[in-house]
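Throw the hints in and build the complete structure from the sequences for me.
In the order they appear, the protein sequences are chains A and B. 1 is the number of the first residue of the first sequence in my numbering; add one for each residue after it. 1 is the number of the first residue of the second sequence in my numbering; add one for each residue after it.
Do not rely on the hints blindly, as some may be mistaken.
As the list claims (entries may be wrong) - With a Cα cut of at most 20 Å, we get these calculated EDC-like pairs of lysine to aspartate or glutamate:
id : chain 1 : residue 1 : chain 2 : residue 2
1  : B       : Lys29     : A       : Glu351
2  : B       : Lys398    : A       : Glu551
3  : A       : Lys98     : A       : Glu187
In case anyone wonders, no lab produced these hints; they're calculated from the structure.
Here's the letter readout for the chains.
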Amino acid sequence: MRWGGSWRTCFLLALHLVAASAQGEVFEEELTLRPLRDGKLEARFSFATLLKGATPRNPGALTVDDEAQHYTLFPLALGQILREHAVTELHLTLNAGKWNYDHWGYPEEPGVGTGAELWVWMADTSPSSVDQRWQGLRHSLAGLFCASLGHLDDQRTTSPALTFQPEGSLPNFTHPHQLRHATLPSEHVCTENLTPFLKLLPCKSLSGIASLLNPHRLFDADWHGLGVHVRYRQDAGVEVRLAFQAVFDPVRYSHDRRRDWSLRSVFDRTIERACPVARSSVVRIELPSETSYVMSPGPTDVVDNVATFAIDSGKEALDISMQWPGEGSFEYQDTSKAPPLTDISVRRNLEGTGQAEARLTLEVANNLPIQVSAGYLESMPWHLQFYLHTLRAHVDGAPRDDLVNIISYSPPVPHSRPALLQAVLTLPPHATLHLTMDVSKPFLRYTEHPPDAQRGWDLPPAVVVPFAFGDPLSTNGTAANEPPSGSLRTQQRALAQGRRPRRMYTPVMLVDLATPDFSMPYNVIIMSCTLIALIFGSVFNLLTRRFVVVEVDPRPEKQAATDDAQ
Amino acid sequence: MDSDPDFAFPALVAARLLLAFAPLPDALKYDQQLSSPLTSYSRLREGIYLFQHGIDPYSGGSFRHSPLLLSLFSTVLPLTPYTSALLWTAADAVAAWALVRIWRLRTGAKKTSRDRQIAALYLLNPYIFLPSLALSTSSLENMLCLLAIMFACRGRASASLLALAALLQLSLPSILLLAPVLLLNITRPVSRLALPQPLDAPLKQAVPLLAEFLGYTVLLTFASTLVCGNWAWVEKTWGASLTLPDLTPNPGLWWYFFTEMFDHFRPFFLMVFSVHLLIYVAPMCIKFQHDFLYAAFLLLGVLAVFKPYPTLSDPGLFLTMFSIFPEIYPYLRHPIVTALIHLHASLLLPLFNSLWLRQGTGNANFFYASTLVFGMGNGAALLDAIWAGLRIAIGELKDGFEIAQE
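Shown next, in the form of structure tokens:
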């Protein structure tokens with residue numbers, strides 16, 4: 001019997017597949033590439049492992065030893081953390097950069113808030129243990145991903161259940177599930193976060209699509225973010241999906257400023273071989289609307305403007321390229337004339353030059369010809385305190401306070417809880433809603449300022465979710481003023497088909513708070529105590545010592561001292 | 001009410017009312033000298049707004065007013081720009097009237113020539129009318145304080161103790177005034193600084209009054225709890241004076257001290273500063289047992305310097321009350337120095353605050369230094385008042401004799 005290399009490979013592959021299907025684990029990987037209209041390229045890697053038939057651990061059984069879990073493809077480190085803290089659904093994103101909704105459209109992964117964002121749905125237990133498990137979970141994830149997720153303590157944790165609905169199903173345990181959400185906008189993302197991320201994949205970065213994840217290129221992108229999403233699908237099992245999203249700029253990489261790109265030019269790598277344990281391994285390219293490009297090699301399949309390349313183990317290395325041969329150097333579109341690619345555009349600012357109070361403004365522009373209802377979520381740490389009674393809404397200069405409906409508000413507690421504001425905004429067609437609110441900047445203790453205190457504090461992004469399109473009363477949802485043209489009609493038809501609400505994140509803001517003089521604690525204590533002691537001592541002196549009248553005249557026979565009856 | 005056919009008082013009140021309706025006060029609302037986190041008008045409006053929308057205003061940390069104010073302004077007296085200007089002007093007018101009544105009771109005359117001056121001094125003192133224009137609730141506290149003292153001077157114990165209990169609900173440090181006001185109820189307010197005698201009224205008479213005061217306090221506390229539905233308000237209102245959670249700058253001495261304090265020492269120094277306020281009560285009352293009005297006046301001075309969250313109203317009240325003790329004027333040792341220090345500090349406080357927070361060209365030390373100077377000015381006024389109050393008992397000295405302390 002000869003054990004040639006190919007026989008050994010086939011034997012191992014068969015063994016893996018048998019093992020995987022016996023356990024009920026399925027691994028699928030996918031890369032989606034989308035050329036954007038400003039010459040950039042959006043790439044989204046998605047690695048999904050499904051543990052068939054599994055259910056999340058019941059937190060009521062946390063005191064009992066867990067049943068043995070055998071994972072082949074499912075990441076063990078992450079699985080252990082999920083079962084240790086009895087987590088049903090988890091979403092962790094680590095992003096860097098500002099997602100430009102107007103020019104890049106909606107991202108493939110909705111969680112694009114800058115910095116670290118962690119939200120989990122966990123079931124409660126009978127003396128409530130959610131907060132304790134949340135803390136344990138944060139620290140475990142911080143250790144796993146080398147990110148300072150331990151800073152997401154109760155100064156940053158809220159529970160905005162209206163905006164962050166569970167994406168999977170929640171099993172029916174004794175007590176209901178609770179949401180914990182926290183953001184750390186100042187968290188940086190770098191290779192040390194990517195390395196443990198890759199370790200969670202079955203094939204690591206050795207084969208399959210993950211071999212394209214070259215940190216030198218990924219962290220050079222205009223926008224990049226990695227995400228870990230765990231959810232429970234009732235009919236399937238527990239699914240872990242690792243995602244990496246990035247926006248590259250081929251124009252910047254090319255020496256003659258052309259927007260031609262290929263996997264080699266963008267990632268500096270190609271897909272050498274497929275991951276043997278992946279059930280499906282595909283690359284999808286969203287084809288641009290104009291036809292002046294050339295794509296090579298030929299795709300396996302083209303459906304509905306999306307070209308699909310299936311990666312087979314036998315073929316040679318895959319290097320997809322897209323070129324515009326007729327074009328010279330890329331010419332950028334005039335951004336002021338280009339229509340926005342999303343239904344609404346959001347901008348948030350902090351106005352005011354003082355360090356005692358400021359004004360928060362939010363501008364939401366409705367780009368559709370129909371009325372849109374959007375949910376607005378602000379979870380603001382106590383570093384900015386809202387004066388909710390000064391919240392005003394204007395459309396075109398006219399006050400329209402009726403367009404803002406506050407659903408819930410929990411005020412901030414200094415040195416602990418953040419503020420949570422959830423409101424519903426009603427946006428008239430083709431109009432911009434301006435919200436303004438006075439805010440006050442608190443004064444922190446000496447020990448609460450970070451080492452670089454003059455930089456200021458990063459404030460987490462606001463989340464706007466357009467969830468209702470069109471006036472619920474009219475079935476067509478047409479604008480009153482203009483007859484709908486052909487493209488508008490198709491737009492309205494698509495909208496009326498019930499689009500899934502998608503979260504939009506505003507950029508983070510920086511607030512600079514007044515700092516005390518950090519060199520002065522001793523001096524302040526001694527000066528204040530000196531003043532207090534001086535006054536106290538003088539008062540004590542005056543109140544306790546008797547007054548006597550003494551004669552200072554040196555004539556000896558008139559020497560007399562009179563006591564005063566005090 | 002003995003109304004005075006003189007037109008000066010109504011004229012002053014009308015002038016204040018006009019000033020209250022002027023557009024200027026909008027800029028004063030956020031000024032840190034005029035309102036503290038416990039008295040700020042915008043926080044009051046925020047609390048009322050949350051209360052009316054079903055959110056507990058005491059669940060968060062920015063509303064620190066008493067629940068009685070919450071219920072008053074959300075039911076009986078809604079706060080609009082017109083009603084608030086009227087209310088605050090009325091509070092100032094009532095306080096000025098109470099001060100004039102105290103003066104009249106002290107001199108025993110029905111009408112004197114100084115009445116107009118005293119009313120004008122209260123209504124036109126910038127330390128008092130600026131916080132009132134900024135709609136800081138410290139004006140209401142001043143009104144209750146003067147009403148409590150006035151009713152005590154008249155011997156109307158119940159009214160006096162009720163006003164004092166209401167004042168305690170608004171501001172915890174006012175507990176210092178309990179002893180002198182209680183004892184003022186059983187003695188006469190006539191000036192006896194020049195002829196000190198031991199306490200002539202039996203102390204036993206004060207015990208039922210103390211019980212009455214405690215009864216009023218308990219009643220108002222339970223009323224506040226009914227308004228809120230829980231006891232969270234205690235920690236946020238009274239607890240704020242004891243634990244200093246909000247470090248917003250003000251003209252007092254506590255905020256920067258506790259900003260720069262390390263966490264390990266914070267509880268100890270909070271305890272020291274709070275107990276320090278209490279140790280002035282007994283000595284002042286014992287030393288001035290012949291004139292409890294003067295003891296109350298001196299304790300107001302102590303509050304002005306050492307209160308946790310002062311505004312300009314507190315030293316304003318103290319300085320204005322100098323006007324009802326003209327007998328001590330010849331015996332003040334350094335009135336001009338005190339006045340100049342006050343002038344110095346009162347000009348520098350807003351300037352340095354603005355340089356630090358609005359223009360960004362100064363830092364916190366500038367404002368802190370001006371609060372130290374302000375504290376010195378108030379301390380100098382307090383010390384001068386104590387000295388003069390004691391010195392007056394000795395009277396004129398012949399040539400060749402000097403006062404000394406042993």
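Unmet hints by their number, sorted upward, for this structure
none
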